[in-house]
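Visitor: So the chains spell out like this:
Protein chains: 2
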Amino acid sequence: MTLTMTSVTSELAEKGERARLAARRLASTSARVRDAALHAIADALVARQDEIVAVNLADLDAGRQAGLAESMLDRLLLTPKRLAALADDVRHVAALPDPLGQTELKTLPNGLQVGKKRVPLGVIGVIYESRPNVTIDIAALCIKSGNVALLRGGKEAQHTNRILARVVEDAASAAGLPDGSVQLIRSTDRALVREMLEAREYIDLIIPRGGADLHRFAIENAKVPVVTGGIGVVHIYIDQAAKLDDALAIAFNAKVQRPSVCNAVDTFIVHRAVADEFLPALADQLGAANVELRVDSAAQAILGNRGNVRAAEPGDFGTEFLALRAAVKVVDSLDEALDHIYTYGSGHSEAILTEDYSAAMRFLDEVDAAAVLVNASTRFNDGGQFGLGAEVAISTTKLHARGPMGLQELTTYKWIVLGQGQVRA
Amino acid sequence: MTLTMTSVTSELAEKGERARLAARRLASTSARVRDAALHAIADALVARQDEIVAVNLADLDAGRQAGLAESMLDRLLLTPKRLAALADDVRHVAALPDPLGQTELKTLPNGLQVGKKRVPLGVIGVIYESRPNVTIDIAALCIKSGNVALLRGGKEAQHTNRILARVVEDAASAAGLPDGSVQLIRSTDRALVREMLEAREYIDLIIPRGGADLHRFAIENAKVPVVTGGIGVVHIYIDQAAKLDDALAIAFNAKVQRPSVCNAVDTFIVHRAVADEFLPALADQLGAANVELRVDSAAQAILGNRGNVRAAEPGDFGTEFLALRAAVKVVDSLDEALDHIYTYGSGHSEAILTEDYSAAMRFLDEVDAAAVLVNASTRFNDGGQFGLGAEVAISTTKLHARGPMGLQELTTYKWIVLGQGQVRA
Numbered sequence: 001m002t003l004t005m006t007s008v009t010s011e012l013a014e015k016g017e018r019a020r021l022a023a024r025r026l027a028s029t030s031a032r033v034r035d036a037a038l039h040a041i042a043d044a045l046v047a048r049q050d051e052i053v054a055v056n057l058a059d060l061d062a063g064r065q066a067g068l069a070e071s072m073l074d075r076l077l078l079t080p081k082r083l084a085a086l087a088d089d090v091r092h093v094a095a096l097p098d099p100l101g102q103t104e105l106k107t108l109p110n111g112l113q114v115g116k117k118r119v120p121l122g123v124i125g126v127i128y129e130s131r132p133n134v135t136i137d138i139a140a141l142c143i144k145s146g147n148v149a150l151l152r153g154g155k156e157a158q159h160t161n162r163i164l165a166r167v168v169e170d171a172a173s174a175a176g177l178p179d180g181s182v183q184l185i186r187s188t189d190r191a192l193v194r195e196m197l198e199a200r201e202y203i204d205l206i207i208p209r210g211g212a213d214l215h216r217f218a219i220e221n222a223k224v225p226v227v228t229g230g231i232g233v234v235h236i237y238i239d240q241a242a243k244l245d246d247a248l249a250i251a252f253n254a255k256v257q258r259p260s261v262c263n264a265v266d267t268f269i270v271h272r273a274v275a276d277e278f279l280p281a282l283a284d285q286l287g288a289a290n291v292e293l294r295v296d297s298a299a300q301a302i303l304g305n306r307g308n309v310r311a312a313e314p315g316d317f318g319t320e321f322l323a324l325r326a327a328v329k330v331v332d333s334l335d336e337a338l339d340h341i342y343t344y345g346s347g348h349s350e351a352i353l354t355e356d357y358s359a360a361m362r363f364l365d366e367v368d369a370a371a372v373l374v375n376a377s378t379r380f381n382d383g384g385q386f387g388l389g390a391e392v393a394i395s396t397t398k399l400h401a402r403g404p405m406g407l408q409e410l411t412t413y414k415w416i417v418l419g420q421g422q423v424r425a
Numbered sequence: 426m427t428l429t430m431t432s433v434t435s436e437l438a439e440k441g442e443r444a445r446l447a448a449r450r451l452a453s454t455s456a457r458v459r460d461a462a463l464h465a466i467a468d469a470l471v472a473r474q475d476e477i478v479a480v481n482l483a484d485l486d487a488g489r490q491a492g493l494a495e496s497m498l499d500r501l502l503l504t505p506k507r508l509a510a511l512a513d514d515v516r517h518v519a520a521l522p523d524p525l526g527q528t529e530l531k532t533l534p535n536g537l538q539v540g541k542k543r544v545p546l547g548v549i550g551v552i553y554e555s556r557p558n559v560t561i562d563i564a565a566l567c568i569k570s571g572n573v574a575l576l577r578g579g580k581e582a583q584h585t586n587r588i589l590a591r592v593v594e595d596a597a598s599a600a601g602l603p604d605g606s607v608q609l610i611r612s613t614d615r616a617l618v619r620e621m622l623e624a625r626e627y628i629d630l631i632i633p634r635g636g637a638d639l640h641r642f643a644i645e646n647a648k649v650p651v652v653t654g655g656i657g658v659v660h661i662y663i664d665q666a667a668k669l670d671d672a673l674a675i676a677f678n679a680k681v682q683r684p685s686v687c688n689a690v691d692t693f694i695v696h697r698a699v700a701d702e703f704l705p706a707l708a709d710q711l712g713a714a715n716v717e718l719r720v721d722s723a724a725q726a727i728l729g730n731r732g733n734v735r736a737a738e739p740g741d742f743g744t745e746f747l748a749l750r751a752a753v754k755v756v757d758s759l760d761e762a763l764d765h766i767y768t769y770g771s772g773h774s775e776a777i778l779t780e781d782y783s784a785a786m787r788f789l790d791e792v793d794a795a796a797v798l799v800n801a802s803t804r805f806n807d808g809g810q811f812g813l814g815a816e817v818a819i820s821t822t823k824l825h826a827r828g829p830m831g832l833q834e835l836t837t838y839k840w841i842v843l844g845q846g847q848v849r850a
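Chains as they are written, first to last, in this note's numbering: chain P, 1 to 425; chain F, 426 to 850.
Accuracy of the hints is not assured; some may be wrong.
[What the hints assert, rightly or not] Using 27 Å as the maximum straight-line C-alpha spacing, the simulated DSS-like pairs for lysine-lysine come out as follows:
id, chain 1, residue 1, chain 2, residue 2
1, P, Lys117, F, Lys541
2, P, Lys243, P, Lys155
3, F, Lys541, P, Lys243
4, F, Lys506, P, Lys106
5, P, Lys116, P, Lys106
6, F, Lys580, P, Lys116
7, F, Lys668, P, Lys106
8, F, Lys531, F, Lys542
9, P, Lys117, F, Lys580
10, P, Lys106, F, Lys580
11, P, Lys116, F, Lys506
12, F, Lys506, P, Lys223
13, F, Lys541, F, Lys531
14, F, Lys648, F, Lys580
15, P, Lys106, P, Lys117
16, P, Lys155, P, Lys81
17, P, Lys106, F, Lys542
18, P, Lys155, F, Lys580
19, F, Lys506, F, Lys580
20, P, Lys117, F, Lys506
21, P, Lys243, F, Lys531
Since the hints were made in silico from the structure, they are not lab data. Computed from a predicted model, the values in this text were never measured in an experiment.
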């Protein structure tokens, strides 16, 4: 293996070396052993809940003293009930089909049997923020897919992450997984994030799980391949041929059902021909759910003085709000809508609402995004909804994995050639 | 689209902007238009052969004056015969199945139809060295797969590349492809390579085509995703249960048939139980083909004073020779062979020669490389041999594409969702 040397802290170097060794052995474990380890982890999360909850209290106390918002404290919190739910999630992962080992061989004219075999990527580095349940989620998905997990959680959850990682490591080792299959980086020094992003000798893929800043930092600084997502500047285009009742229901669902996530809508683009009828109904219905609208001048001329409506500022288009807020733009044509999405979209989730067949086909064809939807809520762009069984992330990169990533996207393949002495002519 | 701004020369900025615009339109062209463009290019290469050959002579003269080796000058040379062969290659690409558009939809319980549709990556940047035929090869593969090609060739071939790019652009535009679908960067300033590697706003994938130095430079400096390959430190392990006649034929083929390529063997690992019998035969046969062997002390004790045998230096193991030279190591076990490959392999092509079923299975399972072969020459790790129809590169990266890359590996997918008003519960 040709190694690219970079400067790494001794902690990353030591854990990275262990991870490489573990990856080599983990790749050859059977699905039975990996699934048994997952069940052992699930059981341990319940059996050791008192220990975990006690440590979690320390993080919560520190967070409270540091003035963390209640919403942040809630994300940190682990209760016996939440641990039981986490354990169930792990058992659910265990029950999924093994993503490894499938091989489809074809026989070439010279008798060689050739095909691709699904194998683990190797070592997956995950950089995440305050929610300690990510420690368990990612460990489970990595074990299932035969990958070593090198975890770097946020400072706020550091004690909780440590006990969770220890519970996972203890259970996994006892179940026969190689030592070092799941490792938590203890240092919460920010410099370590950059070192992970550069550590090609130890890490095969980095998945950042967190806000837009983390994703941007990863893109800018990574030498290790990164699958990023998370930044969803999401549009719904209400065409002149939309069924307006359906459009209203979809618009409401896409904004209000869970506003804090990346597939929630950010901008409504409304065709002028239906704006007079649609916009007041939209503004009233969203207003009743406390959604603020930032509207262009054409929309404002229609909506007038409503309490939840104000003029859009230039930055509102192209912003991921992650809140009860949306921008509104009126357009004269499908082309203008497509241009707006091309300019402001982040390639995440984009929808058209229309009964016009040709408009729907053009939108599907011309919009370049991880998911393009016709007459459905953008909230469906999700691994669970798409039937992937488990979701690692929603990728907005184009290579390797796009949109919801399941277990298969944590694997790669190697070519297998079975010969009987063939040489090349 | 959220753009990451980097400092780029005006040439890259101008061509990158044109490339982005072209990519948006090219993605919607039909296979018929793309194939017609390929035929127009093939015809133009023949019709304009005098013009091309005349310009090529200027590069050859400059190369001769600059003291280029004859082998380099031969790689630069374009003759009417070579142009006709290039044109045939382009027609062959046109005849391949369209890699775009396939969609497999499934219907979810809520009635949503969901699936992945194959779409182009967008803009592909290719950085290559002296062979001007790469200009045509890559342009054809990119057009076929609906991608814009942004080409940066070597200085030695600059005039030839310019006329070839003009021939391609003229023919492609006349056949109805968007302007800017194929563009050659004119500047041969080395700084431009680094700028391309950083130009995430313009380029979706970089493919370096050249020597190990170029690949390393790309890995170290890229912010754009890069698929690298080319560096093949290739091993053949001759097990104690190998058929030695077959092993001799495979070893000879893998070293001698084409020593300058990445899937040629570099190190023979020989089990001690067969070393006494196998090594002298190997040394004699390879010696007759002028292959020099760099051998460890155990092999030297067996081979004694042969003209083509000398003691290995530490650097010989792990070296890609690309020449009539190979290293030889004697091992006591399959485990020792696996450890050697783990330490020195580059993840390209690795073979075991054995009649021992369990040894073959362990090797297939435990060696982590783009292609792992049993009882066959490593020279088979090749897109043409594997039946891909066309080969873009042989990737040693694990993400997106591994081993021979065909047209499909120049594509990505987007999720398509067809609804009838569904919202998420």
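Visitor: Please flag the earlier hints that this structure goes against, numbers listed from lowest up.
Guide: 2, 4, 6, 9, 10, 11, 12, 18, 20
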